[in-house]
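Those sequence lines, one after another, are chains B and C. Counting in my numbering, the first sequence runs from 1 upward without gaps. Counting in my numbering, the second sequence runs from 1 upward without gaps.
Warning: the hint list may mix true and false statements.
What the hints assert, rightly or not - Here are the computed lysine-lysine pairs in the DSS-like style, where the Cα-Cα straight-line distance is at most 27 Å: (1) C/300 <-> C/108; (2) C/223 <-> C/34; (3) B/26 <-> C/108; (4) B/26 <-> C/58; (5) C/223 <-> C/54; (6) C/359 <-> B/26; (7) C/359 <-> C/451; (8) C/12 <-> B/70; (9) C/300 <-> C/191; (10) C/359 <-> C/188; (11) C/32 <-> C/123; (12) B/26 <-> C/188; (13) B/48 <-> B/26; (14) C/32 <-> C/108; (15) C/58 <-> C/32.
Unchecked claim - With beta-carbon atoms standing in for the labels, derived distance ranges: (16) C/451 <-> B/216: 37 to 47 Å; (17) B/91 <-> C/397: 33 to 43 Å; (18) B/131 <-> C/449: 25 to 35 Å; (19) B/4 <-> C/61: 41 to 51 Å.
Claimed, not checked - Chain C side only, calculated, beta carbon under 8 Å to chain B, not exhaustive: (20) 67; (21) 101; (22) 154; (23) 158; (24) 284; (25) 413.
Simulated from the structure, these hints should not be mistaken for lab results. Quantities reported herein were computed from a predicted structural model and do not represent experimental measurements. A virtual CB, placed ideally from N, CA and C, is assigned to each residue, including glycine.
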Amino acid sequence: MSFLSDVYAGLFYFAAFVLVAGLANKVIQYVRTPAPLKIPTTPAPTTKTGVALRMTREVVFFESLFRGSKWTWIFGWMFHFGLFLVTLRHLRYFLDPVPVPIQMIQPFGIYGGIAMVIGLAGLWVRRFFVDRVRYITALSDHLILVLLIVIGFSGLLMRFVVHTDVMRVKQFFQGLYVGHVQTLPADPILLMHLLLVALLMIIFPYSKLLHAPGLFFSPSRNQVDNPREQRHIAPWARRMEQD
Amino acid sequence: MAKADFQVPVLKQYPEIPEIEPGATAHSSPFKSKPQFQAELGFPGELVDDWQTKALDKMGDLLGRYRSLRVYLDSCVKCGSCTDKCHYYLGTHDPKNMPVGRQDLMRKVYRRHFTLAGRLFPKLVGAEELTEEVLGDWYSYFHQCSQCRRCSVFCPYGIDTAEISMAAREIMDHIGVGQKYCNEIIGKVYKIGNNLGLPGPALADTLEGLEEDVFDDTGVEVKYPLDQEGAEILLVTPSADFFAEPHVDGLIGYGKVFHETGVSWTLSSHASEAANFGMFIGSYENMRRVALRIREAAIKLKVKRIVFGECGHAWRVAYSFLNTLAGPWDFLDQRYPVPQHICEFTYGLIQEGKLNLDKTRNDDMVLTYHDSCNVARASRMGDRPGGQFDIPRAIIRATCNNFYDMDEETIRDRTFCCGGGGGLLTDDLMEIRVKGAQPRVEALNNVMQEKGVTHMAAICAICKSQFTKVLPYYGMDLDQIVSVHQLVSNALVLTGEETDDEDEAADEAA
Numbered sequence: 001m002s003f004l005s006d007v008y009a010g011l012f013y014f015a016a017f018v019l020v021a022g023l024a025n026k027v028i029q030y031v032r033t034p035a036p037l038k039i040p041t042t043p044a045p046t047t048k049t050g051v052a053l054r055m056t057r058e059v060v061f062f063e064s065l066f067r068g069s070k071w072t073w074i075f076g077w078m079f080h081f082g083l084f085l086v087t088l089r090h091l092r093y094f095l096d097p098v099p100v101p102i103q104m105i106q107p108f109g110i111y112g113g114i115a116m117v118i119g120l121a122g123l124w125v126r127r128f129f130v131d132r133v134r135y136i137t138a139l140s141d142h143l144i145l146v147l148l149i150v151i152g153f154s155g156l157l158m159r160f161v162v163h164t165d166v167m168r169v170k171q172f173f174q175g176l177y178v179g180h181v182q183t184l185p186a187d188p189i190l191l192m193h194l195l196l197v198a199l200l201m202i203i204f205p206y207s208k209l210l211h212a213p214g215l216f217f218s219p220s221r222n223q224v225d226n227p228r229e230q231r232h233i234a235p236w237a238r239r240m241e242q243d
Numbered sequence: 001m002a003k004a005d006f007q008v009p010v011l012k013q014y015p016e017i018p019e020i021e022p023g024a025t026a027h028s029s030p031f032k033s034k035p036q037f038q039a040e041l042g043f044p045g046e047l048v049d050d051w052q053t054k055a056l057d058k059m060g061d062l063l064g065r066y067r068s069l070r071v072y073l074d075s076c077v078k079c080g081s082c083t084d085k086c087h088y089y090l091g092t093h094d095p096k097n098m099p100v101g102r103q104d105l106m107r108k109v110y111r112r113h114f115t116l117a118g119r120l121f122p123k124l125v126g127a128e129e130l131t132e133e134v135l136g137d138w139y140s141y142f143h144q145c146s147q148c149r150r151c152s153v154f155c156p157y158g159i160d161t162a163e164i165s166m167a168a169r170e171i172m173d174h175i176g177v178g179q180k181y182c183n184e185i186i187g188k189v190y191k192i193g194n195n196l197g198l199p200g201p202a203l204a205d206t207l208e209g210l211e212e213d214v215f216d217d218t219g220v221e222v223k224y225p226l227d228q229e230g231a232e233i234l235l236v237t238p239s240a241d242f243f244a245e246p247h248v249d250g251l252i253g254y255g256k257v258f259h260e261t262g263v264s265w266t267l268s269s270h271a272s273e274a275a276n277f278g279m280f281i282g283s284y285e286n287m288r289r290v291a292l293r294i295r296e297a298a299i300k301l302k303v304k305r306i307v308f309g310e311c312g313h314a315w316r317v318a319y320s321f322l323n324t325l326a327g328p329w330d331f332l333d334q335r336y337p338v339p340q341h342i343c344e345f346t347y348g349l350i351q352e353g354k355l356n357l358d359k360t361r362n363d364d365m366v367l368t369y370h371d372s373c374n375v376a377r378a379s380r381m382g383d384r385p386g387g388q389f390d391i392p393r394a395i396i397r398a399t400c401n402n403f404y405d406m407d408e409e410t411i412r413d414r415t416f417c418c419g420g421g422g423g424l425l426t427d428d429l430m431e432i433r434v435k436g437a438q439p440r441v442e443a444l445n446n447v448m449q450e451k452g453v454t455h456m457a458a459i460c461a462i463c464k465s466q467f468t469k470v471l472p473y474y475g476m477d478l479d480q481i482v483s484v485h486q487l488v489s490n491a492l493v494l495t496g497e498e499t500d501d502e503d504e505a506a507d508e509a510a
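Based on the sequences and whatever the hints tell you, model everything.
Shown next, in the form of structure tokens:
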């Protein structure tokens, strides 16, 4: 068993590294690439506070998607909000002692897990039944949904059907902080769950999951509408003026 | 009804989302630019050797210069929210006209060459080489996008297909595959000063003619000055305003408004064009060069303010980009926005009660208003977000008794493009233009049936030309499209005007 635990420990170190380094790399690339022109989709806020509010509405409520497609919004929002609750619930494995708000959120995390799987299923069904969405779907789009559904479903299985020793799971992850590999319970469902989570972490910076940081850097959403009041110019464009 | 060698869409009472018909408009491509037009813009004349490498190099260059392109190519999750939003998809049913379908033409090449997943597992993530066939698709479908930004409204990440179309056209120009319509026109602006190639003397003639017409109509000597040094205001307006109908009625209106306020103003033969087709081809360099003419004219004529006439994408470049491209404007009067839209100017006067408007002079019309895409989603008027919707409507309400909006889903920031924007206003793209107009014409048709609307007002030269041409395909009249300042012109009672001459004013309006 300890060999398998070593493999999983290595896997999670690797996955965490890829996730953090890959995302940092992307974010740095986005920061360094100038936005040479003012292109907010108008009507747009005329102040930074207004932009922060617009962005908050996009991040929390998926405002634009709501205007665009109600079904996708319902399923998409269920999935994301569910995943958010599930993530909060899972913090108990990574924090010791467990903060009170995280203790309070535990039952909601379970509802979140159910909502997440239903939302994902809805999104997947759309990929088969809406001809326009079927047309734009690549194999990777299906696989990412399968990955998330299996992660969610295996998590629910462990909660409701085949329990695992969560205390040992917690010890395993606490051990990783200090480079000490504890033994993971040898439950197949747990091992699959963790394997797929690691895979998700690894593909995150190299897939469409980049929409998460991407939204914050989207010029059509994050720019202040003030081009007449304030001159906006990219460094490469300013160089043209010196010629 | 105009004759068509393609199926003109049937107008329905309720909008329908069509089923996809792959390849439905794969045959539609604009004429290619000739070597001479390419050279004037600094592009190779014909397809260069080693074009794939050069195209990918250019793509890499743009990815490093435009955050929008990089973020938009990375972020799409294929959620489908945009798929039924593009007027070209709704009118042609071709899935490559769904915004995401169009973006994917570039995204698949991006993934193959600029992402790890696409390099390692191309099949899995839908990554593809830039083959001759893909380039053909690019030329065809990136010229079936009017860069109207409707898709960006509904995208959860604000992905704007216009940015991708512009980048694609810029890449194609750099390997010698340019579009004739846009590139020839930009060359004319450089050589002659405007899109239509009207030389200074012809402009002077036209303006003199307008002065005579207005005098005949009103008995008032309204001036339409050209190249008048020391004038307070430089008016920059699309060159179609100088002679096309209904554009010229708008120009007559601007002149009357200026006349009433007593402010001195002038047009410029050097900058006799508000439009900036540099934006359509995604070329910052060309867009800047076109914009700098306005700066040069403002300096030469020693004006204090710049006002733009009715033109959609011109207002986008003016409002959003002019300060960037040709600023800073510190030598102009800072009490006024630089630049100002003619609607902002007129609206201000209406607010102050400085215009004597007789609404009954427009009683022969029942109006609706078409929000032009670039004004609606890429600019603003006034101090508040949404002023670009409210100010033109306020002007119409102040000048007309009968006004009804079209369906809410098709106006304001959800407005449909006229179908001719983004460099597509050319006869070699007639099928796309007619089909792309369908969602807008459908909404117009419904408000005609339900409210008895007779005319649609617009503030864009492309919209006006496009509707004049395509409305007849749908069995409507070409003169159902009017300028907003045409309505102002009709209603405005000039100081000293012979007001007993009402009949003539009515004839003019009809």
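Verification of the hints:
1. Under the criterion of a C-alpha separation no larger than 27 Å, the hint pairing residue 300 of chain C with residue 108 of chain C is inconsistent with the structure, at around 48 Å.
2. Only pairs whose Cα atoms come within 27 Å are accepted, and residue 223 of chain C paired with residue 34 of chain C is rejected, the gap being roughly 40 Å.
3. Between residue 26 of chain B and residue 108 of chain C the alpha-carbon distance is near 19 Å, which keeps this suggested pair within the 27 Å criterion.
4. Taking the CA atoms of residue 26 of chain B and residue 58 of chain C, the gap is near 21 Å; set against the 27 Å cutoff, the hint holds.
5. The hinted pair formed by residue 223 of chain C and residue 54 of chain C fails the criterion: a straight-line CA distance of about 52 Å is larger than 27 Å.
6. Distance hint between residue 359 of chain C and residue 26 of chain B is unfulfilled; the C-alpha atoms sit about 58 Å from each other, more than 27 Å.
7. Among the hinted pairs, residue 359 of chain C with residue 451 of chain C is consistent with the structure: their alpha-carbon atoms are about 19 Å apart, no more than 27 Å.
8. About 23 Å separates the Cα atoms of residue 12 of chain C and residue 70 of chain B, which keeps this hinted pair within 27 Å; it holds.
9. For the hint pairing residue 300 of chain C with residue 191 of chain C, the CA-to-CA distance comes to about 18 Å; that is within 27 Å, so the pair holds.
10. Distance check on the hinted pair: residue 359 of chain C and residue 188 of chain C sit about 40 Å apart at the alpha-carbon level, beyond 27 Å; violated.
11. As the CA atoms of residue 32 of chain C and residue 123 of chain C are separated by approximately 32 Å, the hinted pair breaks the 27 Å bound.
12. Distance check on the hinted pair: residue 26 of chain B and residue 188 of chain C sit about 42 Å apart at the alpha-carbon level, beyond 27 Å; violated.
13. Among the hinted pairs, residue 48 of chain B with residue 26 of chain B is consistent with the structure: their alpha-carbon atoms are about 24 Å apart, no more than 27 Å.
14. This hinted pair checks out: residue 32 of chain C and residue 108 of chain C have alpha carbons roughly 24 Å apart, not beyond 27 Å.
15. Proximity of residue 58 of chain C to residue 32 of chain C is assessed by CA-CA distance (about 20 Å); at most 27 Å being required, the pair is judged to hold.
16. As the Cβ distance of residue 451 of chain C to residue 216 of chain B is approximately 44 Å, the hint placing it in 37 to 47 Å holds.
17. For the pair residue 91 of chain B and residue 397 of chain C, the supplied restraint of 33 to 43 Å is violated, since their beta-carbon distance comes to about 56 Å.
18. Range check, residue 131 of chain B to residue 449 of chain C: Cβ separation about 30 Å, and the 25 to 35 Å hint holds.
19. Separated by about 48 Å at the C-beta atoms, residue 4 of chain B and residue 61 of chain C satisfy the suggested range of 41 to 51 Å.
20. For residue 67 of chain C, the interface hint holds, the least distance from its beta-carbon to any beta-carbon of chain B being 4 Å, beneath 8 Å.
21. Residue-level restraint check for residue 101 of chain C holds (minimum Cβ-Cβ distance to chain B is 6 Å; threshold 8 Å).
22. Annotation: interface hint on residue 154 of chain C holds; nearest CB of chain B at approximately 3 Å, less than 8 Å.
23. For the restraint placing residue 158 of chain C at the interface with chain B, the shortest Cβ-Cβ distance is roughly 4 Å, inside the 8 Å limit, so the hint holds.
24. Taking 8 Å as the C-beta contact cut-off toward chain B, the hint placing residue 284 of chain C at the interface holds, the least distance being around 7 Å.
25. Taking 8 Å as the C-beta contact cut-off toward chain B, the hint placing residue 413 of chain C at the interface holds, the least distance being around 6 Å.
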